[in-house]
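Spelled out, the chains give:
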Amino acid sequence: MSAESGKIDPMHQFLIQPLVGEHWQIAGQSIAFTNSALWMALTFGAIWLFMLGGMKQQMVPGRWQVAVEGFTGFITDMLDTNIGPKGRKFAPYVFSLFMFILFANFIGMFPVALVGAHPFAVTSQLTITGILALVSFSMVVIVGFAKHGFHFFSLFIPSGVKGPMALIIFPIELISFLMRPFSLGLRLFVAITAGHILMEVLAGFVINGLNSDALWVAPVVSLPSFILMFGVTLLELLVAAIQAYVFALLTSLYLSDAINLH
Amino acid sequence: MDANAAKLLGAGLAAIGVGMAALGVGNVFGSFLESALRNPAAADGQQGRLFIGFAAAELLGLLAFVVAMILLFVA
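Protein chains in written order, with UniProt numbering: chain A, 1 to 262; chain B, 1 to 75.
Don't take every hint at face value.
Mimicking DMTMM-like on lysine to aspartate or glutamate, the simulated pairs with C-alpha atoms at most 25 angstroms apart in a straight line are [stated by the list, open to error]: (1) A/LYS7 - B/ASP2; (2) B/LYS7 - A/ASP9; (3) A/LYS7 - A/GLU236; (4) A/LYS7 - A/GLU200; (5) A/LYS86 - B/ASP44; (6) A/LYS56 - A/GLU69; (7) A/LYS147 - A/ASP257; (8) A/LYS86 - A/GLU69; (9) A/LYS56 - A/ASP77; (10) A/LYS89 - A/ASP257; (11) A/LYS147 - A/GLU173; (12) B/LYS7 - A/GLU200.
Beta-carbon label-pair distances, calculated as ranges [unchecked claim]: (13) B/LEU23 - A/LEU52: 42 to 48 angstroms; (14) B/LEU13 - A/GLN25: 42 to 48 angstroms; (15) B/GLY24 - A/ILE142: 32 to 38 angstroms.
Some residues of chain A that are not near chain B, with every Cβ distance over 10 angstroms (derived) [unchecked claim]: (16) HIS23; (17) LEU49; (18) GLN58; (19) PHE71; (20) PHE106; (21) HIS148; (22) ILE168.
Rather than coming from a laboratory, the hints here were simulated on the basis of the structure. Built from N, CA and C at the ideal position, the CB exists for glycine as well.
The task is simple: from the sequences and hints, build the whole structure.
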């Protein structure tokens, strides 16, 4: 990989490789258990353990229960402020979405390469984030049509727009509505991918500087790179949390559009 | 100019867009902080809008990054 060859290859970490069942097939499509599937399973396991420890429902909560209730309270507060009382029934969906993205981002940041495993950020794949965005978008469309019928199309004409202006505003609003799943999925995917490329490149600088023959390279290149990498890693932890929050926030805003129609 | 050099130059030029997004994100948080210090009581209620503005400004910078990656690895 990058360290051995001396050339930095930041895209190698995003490679999806089959771990078990390379030849398992359904209708000609491979269904091998890949490293992406493994890290998704780890994410679900981590969320399951986290929730299991905090669902004791004691009157006087312990620390763990407070942590879990902090997360659930955070999501219900977000839904209450953005959607209103009708938003409560979407809390399970938005909560699962938020927790999955948050845990996948954080688990993708774990330095498990130190013990020889290959780390993999699940959310750095457009297929994963795109499907999450499509699920959110289809939920908005289904809820909108189920609640308002064809009256849902009035979402595309802001209140107060009349006559010929509506003819111009309608397609613009429609296109911006249809772009939502793309921007939603793309934002998460690119933010995580860019962060991991940046960290890999800086780590490559550190390692190549330490391996170089000239002695002056290590303090001049490796040390500043290492300090910068420390800061960038902290920034990426912040980005991992912010992206999960933004995804859940935008999902709840879009749901609010579909439920309240302005 | 040979096609590969043009690709690399284009990817480098796309990086300007990332810097522009940095200006936008800084502007979002800077303006928020400026007005939050004037009226700290109202600041907490506007945090959702803060992150919507942040997400919109950041997305356009990330699109510049996507353009650079497409030029380098796909085109």
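Open item on the list: Run through the hints listed earlier and report the numbers of any the structure violates, in increasing order.
Closed with: Failing hints: none at all.
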